[in-house]
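*Asks:* Chains A and B, in that order, are what the protein sequence lines are.
No gaps in the numbering here: position 418 of the first sequence is 418 in our numbering, and each next residue is one more.
No gaps in the numbering here: position 354 of the second sequence is 354 in our numbering, and each next residue is one more.
Hints are computed from structural coordinates only; laboratory data are not their basis.
Check before you lean on any hint, since a few could be wrong.
Simulated restraints, written as ranges between beta carbons of each label pair [stated by the list, open to error]: (1) A:40 - B:163: 41 to 49 Å; (2) B:382 - A:506: 28 to 36 Å; (3) B:359 - A:385: 47 to 55 Å; (4) B:146 - A:472: 40 to 48 Å; (5) B:328 - A:401: 50 to 58 Å; (6) A:505 - B:174: 46 to 54 Å; (7) B:146 - A:224: 46 to 54 Å; (8) A:356 - B:263: 40 to 48 Å; (9) B:163 - A:505: 56 to 64 Å.
By construction, the Cβ of each residue, glycine as well, lies at the ideal position given by its N, Cα and C atoms.
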Amino acid sequence: MDYQAPRSAWLDNAFTAAALAIPLWAILELVVAPAVRDSAPAWTAAGLRAAFPALILWVLLGLTLGASANTVRRIAARLRPVRPAAPERDRKRVLILGGGFAGMTTAAKLEELLAADRTVEITLVSDSNALLFTPMLAEVAGSSIEPTHISSPLRSSLRRTRVVRGRVCEVDLESRRVAFQPGVPAEGPSYLEYDELILALGGVSNFFGQENIKRVALDFKSLPDAIRIRNHVIALFERAEGEPDPDVRRRLLTFVVAGGGFAGIELAGALNDFARGILDEYPHLAAEELRVVVVHARERILPELSESLAAYALERMSERGVQFKLNRQVANATADTVLLHPSEEIEANTLVWTAGTAPNPLIASLDVARDKRGAVIVNACMSVPGHTGLWALGDCAAIPNLAEGGTYPPTAQHALREAATLAFNIRAVLRNEMPRDFRFEARGSLCVIGHQAACAEVRAPLTRRKLRFSGLLAWLMWRAVYLSKLPGFERKVRVLVDWVAELYFPRDTVQTIELI
Amino acid sequence: MSLRPRIGAGAIGGALGALLLAALPSGLAGNVFVILAWGTALGALFAIALGNRRLEPGAALVWGLGYAFVVWLSVCAASALGGPAHGSNAMLDVARAHFASLVGLSLAAVPLALVVATVGRMPGPRSGPRFSIARALCAGGFAGIFGGWAFGKWMEQAGFFPLIAGIVRSDSPQVGVVLHFTIAIVIGATFGLLFQREVRGLGSSLGWGAAYGVFWWFVGPLTMLPLLLGTRPEWTAEHAGMLFGSLIGHIIYGLIVGLLYAIVDSIWLWLFERSDPLNRQAEGSGTVALSSLWRGAAASLIAGLLFSIIMAETGALTRVAQLVGAHSIAVGFLVHVGISFVIGATYGACFHYEAATELEAIGWGALYGLIWWFLGPLTLFPVLLGGSFTWTTAAADAQVPSLIGHLIYGIALALTFRTLERRHLANLFIDERLRRRWMRLRRPAGSPAPALLLFFIGTGVMLPLVLG
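When you get a sec, could you build the whole thing from the sequences and use the hints?
*Replies:* Below, the structure written as structure tokens:
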């Protein structure tokens, strides 16, 4: 029941203090006092009985002090001046654009650092209401994890940050104002003003100006993309099942993945497992008709990893039925064909694009210096030179690597660390303190290549040596590492349940959206 | 709201309590009018002290027990100050001589509490989970069966069943077993009726159960049993010392009843009330429970290390090592850390709604430590080493160092847990809606928790000293 608080809590205080006096008696009389007197502690029944009068005294003293605590507190409250809340105009406005790893983590770290400091307002603008955990996106496309389980709602993760759903359409650096489209285009843009602006807009797929490919290819950056790929695969299986022409069936069951980096390889592995795993449900389809093809422009896949691991991944995936077209690029695509350069043609109804990323196009509209990738050039503190109160991090920023030269790569691992440093720097600036440089050495890289197989390259602690793992051990490392990194305890439990369920039950082939 | 009706009810309840004592052939002899006057005055004072707070009978009983304990301490202190002898033994002798007053005052708290909670009821809106008689009786009775089973193990060992059978003029152990379980079920059911509204979580329910166990030791073996057997209740420290095993049995019984009742109650609430999206916590009760387990386990590392210093000083680590058939201090330390880890994690799961301040955390931590002193070295430890319960004053005397260690462990555990929890809640409470929702589940001001802490920690620490 909810108690009605008594007018005076002196009885509660008196009894609480009397109760607390008993363990206090034990600690002070039987532990501290002998230690101070440098005598042996009297931790015996006789010793306790000798201290019995003191016990009664302690309890009665506690009772008296507790009963008078209210009066003392009331007098102290009258003597203490009440500090007025900071007026609205004195509050600093921190505005974060982007709700990905970089933006969301910056907001979360700022909340931590600022704690109850109400003189700072934090606002985050995002076109999605959840943070997507991209390392597990391939598993969603492969139907081994429920889509929503790898996304954490921004509103439940951030407590004091005002989360605004919308797409940023303009940043006015002069008047320090941001325009965003709040979801209903007919209503026109809304505006937010700021004192400190953080650009964490992330990246988009880079089709290198090839409009045909952009029109035909499936993107693989967001949760809807992964859901679309999964449904697309199921839809093609359904069509192929009723298709009498073997050539058309073969075309329907050919899935081309452009790009042999982490995203492409993980997606190809997951798609291959998913597609071959559901074949039994389609009795008219044969395994030989199914093809998952990876097209990669270089001579070896996974350039982020060492050569031996890349060779292992190629061999293992080939054994499981994935085909590779190395030293080739996707030159053009139609609804039925993927054209490669040098000349080769693959008849396929599916092309998934993972061959390149570029910073968010909004960056190009800003009057700031950019590198050749199009990312905002910032200094080591992540502030944009020449623009007070403007910061950038993550995929849309080129942050100088002071230790090794060049800039840090646009990965989630780096974005998380950059966010922690940037949050510290924002607080430092707000308090007229010195910001610090971002320095980070990547811990390693992990990539799943198919059922219970992965490649891992991990930096050994306290050395610069890299340890390499492959196969089941690497796959277990991948799962352990990414499960621990997945934001939110509840999401971890849900994903763990998905993984366990996947061991015992067939993958779900329910088509949730109609595409074809 | 005027306090006059409540003060009147307090005076009447106090007078009824005094009459009860006067009617009992308990050795608390004295002029009936003097006892009645004291009872009326103490009852009125009790009502004034309670103020305008809302009270249910269970809460009033716990406040009454705490009040009885304070009055007894005051009587002891006054007698010791007024008496000719001084020194530690004199105070102990006074406490022993006034043991009958503790029993009598605790019994007199029953009519006092009932009258104050019913006649002196304060009007006002009632919120929180709905009171369910069926749930109270079923869950309480179910918990009583298991508590009775555990207590029955000691009664069988001590040959108590034929004595219980004497209530119906029999000496058959089987009749004693039936009677014992009947009483256990009835007490369990009354626990549900009295404390359903007080149960916030498993932790506090352990506390209510333990205090209820001590209360029933005063009522049962010290008072009702002799009366039903046709003999005169003997409220002396010497006689009570002989029934010390029964005291621990009652505490263990109370702990099991409290724990099981809370488990059944929580499952009920989770399934039918807290699972409702309108009442659900923002984080989800599963997340709260698991993160509390983690915080409790983390807190146990500091508390366990502190306790291990005391264990090393008193040579207890080698005994702990015997649990896994070893004799080395290192193994004993590892086993101790393992046990401490489990106990710490359960503290997190059981007490996360109880303490809103550091002082409250110290109180609940000390109570938890004390509970584990009764459960651990006095009950489970001998059993795990292949022996049986040693619920005697001699065994309790031998475990005194462990009592201090358990109190320190409990306090360190609770304070560390509170520190970890506070950090998490500071972030959560930034959102005022979440803070309000959390506070609905947390023990509010005005509950009888202070009286529970005082009564159980007070009797739990003092009775082994007074009766030994």
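*Asks:* Against the structure, test the hints numbered earlier, and report the numbers of the ones violated in rising order.
*Replies:* 2, 8
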